[in-house]
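Novice: Protein chains in written order, with UniProt numbering: chain P, 1 to 134; chain B, 1 to 134.
The set of hints was computed from the structure by calculation and includes no laboratory data.
You may find that some hints are simply not true.
[As the list claims (entries may be wrong)] Taking CB as the label site, the calculated pair distances span:
#1 20(P) / 13(B): 33 to 39 Å
#2 17(B) / 23(P): 35 to 41 Å
#3 31(P) / 49(B): 19 to 25 Å
#4 100(B) / 114(P): 34 to 40 Å
#5 29(P) / 109(B): 25 to 31 Å
#6 33(P) / 109(B): 34 to 40 Å
#7 13(B) / 64(P): 22 to 28 Å
A virtual CB, placed ideally from N, CA and C, is assigned to each residue, including glycine.
Number of protein chains: 2
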Amino acid sequence: MLGRLNHIAIAVPDLEAASNTYRSDLGADVSEPLPQPDHGVTVVFVTLPNTKIELITPLGDASPIRGFLDKNPSGGIHHMCYEVEDILAARDQLKARGLRVLGDGEPKIGAHGKPVLFLHPKDLFGTLVELEQA
Amino acid sequence: MLGRLNHIAIAVPDLEAASNTYRSDLGADVSEPLPQPDHGVTVVFVTLPNTKIELITPLGDASPIRGFLDKNPSGGIHHMCYEVEDILAARDQLKARGLRVLGDGEPKIGAHGKPVLFLHPKDLFGTLVELEQA
Chain P
1 MLGRLNHIAI AVPDLEAASN TYRSDLGADV SEPLPQPDHG VTVVFVTLPN TKIELITPLG
61 DASPIRGFLD KNPSGGIHHM CYEVEDILAA RDQLKARGLR VLGDGEPKIG AHGKPVLFLH
121 PKDLFGTLVE LEQA
Chain B
1 MLGRLNHIAI AVPDLEAASN TYRSDLGADV SEPLPQPDHG VTVVFVTLPN TKIELITPLG
61 DASPIRGFLD KNPSGGIHHM CYEVEDILAA RDQLKARGLR VLGDGEPKIG AHGKPVLFLH
121 PKDLFGTLVE LEQA
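Just chain P, with the same shape it has in the complex (with noise of 0.2 Å):
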């Protein structure tokens, strides 16, 4: 079931400062920031030649990643992604086998255009991981 690593999400107190370190002191290729008010977050994407990091950090009052930052104030790995073909089939899949889909359920449309599920991370030993249809 599991294809590609799509990203990891990192997140961090101040975006500029990740961005540059990564730019900077890392060489990496890394993006301008990219707002997404409907995910609450801002977004770099850094570009590595197998897969990609996203650093992100709190866009609104309401953002999702707000309470992990103020648990870990200087940021820190938030989630991972991997790609999977049916997502629909995927989820069946987990349910029927006892894992946890956050929410309700329903694949959402993910910062990527495509539908994603988030996995409980207690099922999956302490990770949040998404999963994101290819």
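For chain P, the structure is supplied; the task is to place chain B on it using the hints.
Specialist: Below, chain B without anything else, positioned relative to chain P:
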């Protein structure tokens, strides 16, 4: 400087349970456990099309991930590893820019038989970053 994302390491309290979840529930290509006494961990490799996940659990009393699991008993993402072409050049460039290299600053031979270094999480937004010579 940054090359491929070599792997994401997830520390888990129960390697057999984690292997089963990735193999049977998530349908991934999962290796047998590989004890690495020199590194104080036992590792299972999850091979994805573009990178790999390493599920790691403590081996021995002095395991470097014991403290992490004490703080995160369910497990969690422990570190991420980027490849670099020349680890000594990378180290010197990063040190010159004020990033801290853990330990004595000399590369050690990592779990894949190649020189590795770790960077201080406080300089990288709460993420522990391993650099591995490609």
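Novice: Decide, hint by hint, whether the structure agrees.
Specialist: We went through each hint and held it up to the structure:
no., hint, result
1, 20(P) / 13(B): 33 to 39 Å, "37 Å, holds"
2, 17(B) / 23(P): 35 to 41 Å, "40 Å, holds"
3, 31(P) / 49(B): 19 to 25 Å, "23 Å, holds"
4, 100(B) / 114(P): 34 to 40 Å, "38 Å, holds"
5, 29(P) / 109(B): 25 to 31 Å, "29 Å, holds"
6, 33(P) / 109(B): 34 to 40 Å, "39 Å, holds"
7, 13(B) / 64(P): 22 to 28 Å, "27 Å, holds"
Comparing the model with each numbered hint stated earlier shows that all of them hold.
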